[in-house]
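Enquirer: For the sequence shown, the working numbering gives the first residue as 4, with consecutive numbering after it.
Incorrect hints may have been included.
As the list claims (entries may be wrong) - In silico DSSO-like pairs for lysine-lysine, Cα to Cα no more than 30 Å straight-line: (1) Lys-217 - Lys-124; (2) Lys-324 - Lys-377; (3) Lys-136 - Lys-124; (4) Lys-217 - Lys-324; (5) Lys-182 - Lys-136.
As the list claims (entries may be wrong) - Beta-carbon label-pair distances, calculated as ranges: (6) Asn-407 - Ala-98: 17 to 23 Å; (7) Met-96 - Ser-281: 44 to 50 Å; (8) Ser-93 - Gly-384: 22 to 28 Å.
If you're looking for bench data, these hints aren't it; they were derived computationally from the structure.
Source: prediction; values computed, not measured.
Every residue, glycine too, gets a C-beta built ideally from N, C-alpha and C.
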Amino acid sequence: MLSLPQSPNLSQSSNSSRRWLLPLVGVGLFVAVTPLLLLSTTTLPTIVWDKESISVPCEVEQAAKPVTTGGAAHDASVTGQHPGAWEAFSAMMPALRKVQTAELPEEELEDDTNWYLDRIKAGREEFDWPRIKHLFVFGDSMSEHSDAYHRWNENPSSLGLWPHLKWCDFLHMLYRNQKITSYWSFAWGGAVINETIVPPFRPEWGDLSTQIAKFERAWPAGPTTEHPTWRGNDTLVTLLIGQNDVKALARDFPRDQHESLMRQLVGSMTDTMRHLHSLGVRSFLVMTSPPIELNPEAHLPGHGGYHDRHMTAADAIYINKLIRAAALELERELSDANVMLFDFEAFHRLYTTFPEAFGLTDTERYNMVIHGAKPDLGQMGFVYSDYTGHTSAQTTRIVAAAVNGFLLRHSRSFQASTANVTTLVEE
Numbered sequence: 004m005l006s007l008p009q010s011p012n013l014s015q016s017s018n019s020s021r022r023w024l025l026p027l028v029g030v031g032l033f034v035a036v037t038p039l040l041l042l043s044t045t046t047l048p049t050i051v052w053d054k055e056s057i058s059v060p061c062e063v064e065q066a067a068k069p070v071t072t073g074g075a076a077h078d079a080s081v082t083g084q085h086p087g088a089w090e091a092f093s094a095m096m097p098a099l100r101k102v103q104t105a106e107l108p109e110e111e112l113e114d115d116t117n118w119y120l121d122r123i124k125a126g127r128e129e130f131d132w133p134r135i136k137h138l139f140v141f142g143d144s145m146s147e148h149s150d151a152y153h154r155w156n157e158n159p160s161s162l163g164l165w166p167h168l169k170w171c172d173f174l175h176m177l178y179r180n181q182k183i184t185s186y187w188s189f190a191w192g193g194a195v196i197n198e199t200i201v202p203p204f205r206p207e208w209g210d211l212s213t214q215i216a217k218f219e220r221a222w223p224a225g226p227t228t229e230h231p232t233w234r235g236n237d238t239l240v241t242l243l244i245g246q247n248d249v250k251a252l253a254r255d256f257p258r259d260q261h262e263s264l265m266r267q268l269v270g271s272m273t274d275t276m277r278h279l280h281s282l283g284v285r286s287f288l289v290m291t292s293p294p295i296e297l298n299p300e301a302h303l304p305g306h307g308g309y310h311d312r313h314m315t316a317a318d319a320i321y322i323n324k325l326i327r328a329a330a331l332e333l334e335r336e337l338s339d340a341n342v343m344l345f346d347f348e349a350f351h352r353l354y355t356t357f358p359e360a361f362g363l364t365d366t367e368r369y370n371m372v373i374h375g376a377k378p379d380l381g382q383m384g385f386v387y388s389d390y391t392g393h394t395s396a397q398t399t400r401i402v403a404a405a406v407n408g409f410l411l412r413h414s415r416s417f418q419a420s421t422a423n424v425t426t427l428v429e430e
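Please model the complete structure; the sequences and the hints are all you need to start from.
Expert: What follows is the structure, encoded as structure tokens:
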């Protein structure tokens with residue numbers, strides 16, 4: 004039998020050790036268990052969101068009170084249930100195809116599970132992301148590339164990353180053949196939806212109508228011309244805008260006007276899409292905006308310059324709710340078009356709730372000085388690149404990957420052909 008050597012002092016002092024060891028054990032148990040008991044009896048403040056799911060904590064002041072803007076109350080105080088980040092994001096994805104045991108002729112795939120073919124038979128334009136030849140981007144600084152809105156020539160960092168590129172830049176650079184797909188971003192930093200409803204902080208930043216005017220000047224030959232340069236079935240228009248409007252509301256407008264103004268803004272956005280549809284656009288990617296209350300500046304003293312951080316958070320959530328509803332309604336109205344909604348708010352909550360799953364380092368900081376120098380932004384793995392909420396290179400790459408998967412899931416080549424049907428071979 005194997006016996007372990009024992010220290011002679013250990014057995015001699017065992018009785019005396021018990022006398023002073025037991026109190027220490029009791030103190031240790033008290034210290035370890037007390038926080039758990041407190042957590043089990045304390046409800047963490049949460050952001051209210053209008054989907055059913057689990058609660059995700061959001062760090063805000065415990066004393067925050069519900070905020071109303073006009074009629075319906077949309078609670079920024081952040082005292083109710085927040086949706087499960089994963090459930091909210093995955094809910095916007097079309098269902099996966101069933102695995103087939105053998106390749107089938109395309110016409111035999113027209114079954115009850117193929118929702119895509121039902122859309123085509125109902126008269127909608129086919130959408131196929133791998134075949135898109137023209138990508139037009141509209142919005143604010145979340146999508147803006149540079150003053151040369153139709154060009155980009157950024158140099159990569161030492162790690163081969165492009166720190167200043169946006170999600171749409173990476174979408175085109177990493178997931179499209181640049182020799183086949185042209186990409187023009189008309190998005191402009193500081194832009195608002197409609198400057199006659201809520202003006203931008205600076206007049207020269209403009210609104211959606213300014214960007215559409217540039218688009219029509221740059222691409223005057225549309226699908227109705229004799230020699231079209233782009234067509235409805237080979238073009239995708241993306242739209243991501245609204246955060247500057249929400250900040251302007253908090254800065255310049257009485258609280259009781261916010262709800263009415265946001266409804267007008269989303270109505271104007273819908274009218275813009277109708278105009279683009281009249282020009283020939285048949286495929287739209289509409290995106291909600293990331294939640295403002297998670298921006299680094301929202302954690303600064305004085306609410307980061309917001310008059311009321313919780314009111315601003317409520318407005319951001321509410322305008323995203325209106326955008327979701329408007330996209331769904333426009334899809335019903337434009338029976339020949341594809342209006343696809345990518346819920347950026349839901350996805351942003353997902354990777355900030357589970358940053359480790361996405362290889363992200365920090366969800367609040369945006370800059371660091373190490374050994375007297377600022378490290379390469381590509382090394383940090385931060386969610387944000389600045390305090391106002393612009394996402395970092397790491398995050399924009401993640402968003403681009405998610406948007407690419409989202410568009411593929413909506414594509415004919417994925418949903419309505421045998422190209423992706425798995426063939427099981429018996430050996």
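Enquirer: Holds or violated: are the alpha carbons of Lys-136 and Lys-124 at most 30 Å from each other?
Expert: holds, 24 Å
Enquirer: Has the hinted range 44 to 50 Å been met by the Cβ atoms of Met-96 and Ser-281?
Expert: violated, 30 Å
Enquirer: Are Asn-407 and Ala-98 spaced within 17 to 23 Å by their CB atoms?
Expert: holds, 18 Å
Enquirer: For the pair supplied as a hint, Lys-217 and Lys-124, confirm whether the alpha-carbon distance does not exceed 30 Å.
Expert: violated, 35 Å
Enquirer: Run the distance test for Lys-182 versus Lys-136: straight-line Cα separation, threshold 30 Å.
Expert: Holds, at about 9 Å.
Enquirer: Does the Cβ-Cβ separation between Ser-93 and Gly-384 fall within 22 to 28 Å?
Expert: Distance hint for Ser-93, Gly-384 holds at roughly 24 Å.
Enquirer: Is the Cα-Cα distance between Lys-217 and Lys-324 30 Å or less?
Expert: With Cα atoms ~29 Å apart, Lys-217 and Lys-324 stay inside 30 Å; holds.
Enquirer: Are the Cα atoms of Lys-324 and Lys-377 separated by 30 Å or less?
Expert: With Cα atoms ~39 Å apart, Lys-324 and Lys-377 exceed 30 Å; violated.
Checked against the numbered hints given earlier, this structure breaks hints 1, 2 and 7; the rest are met.
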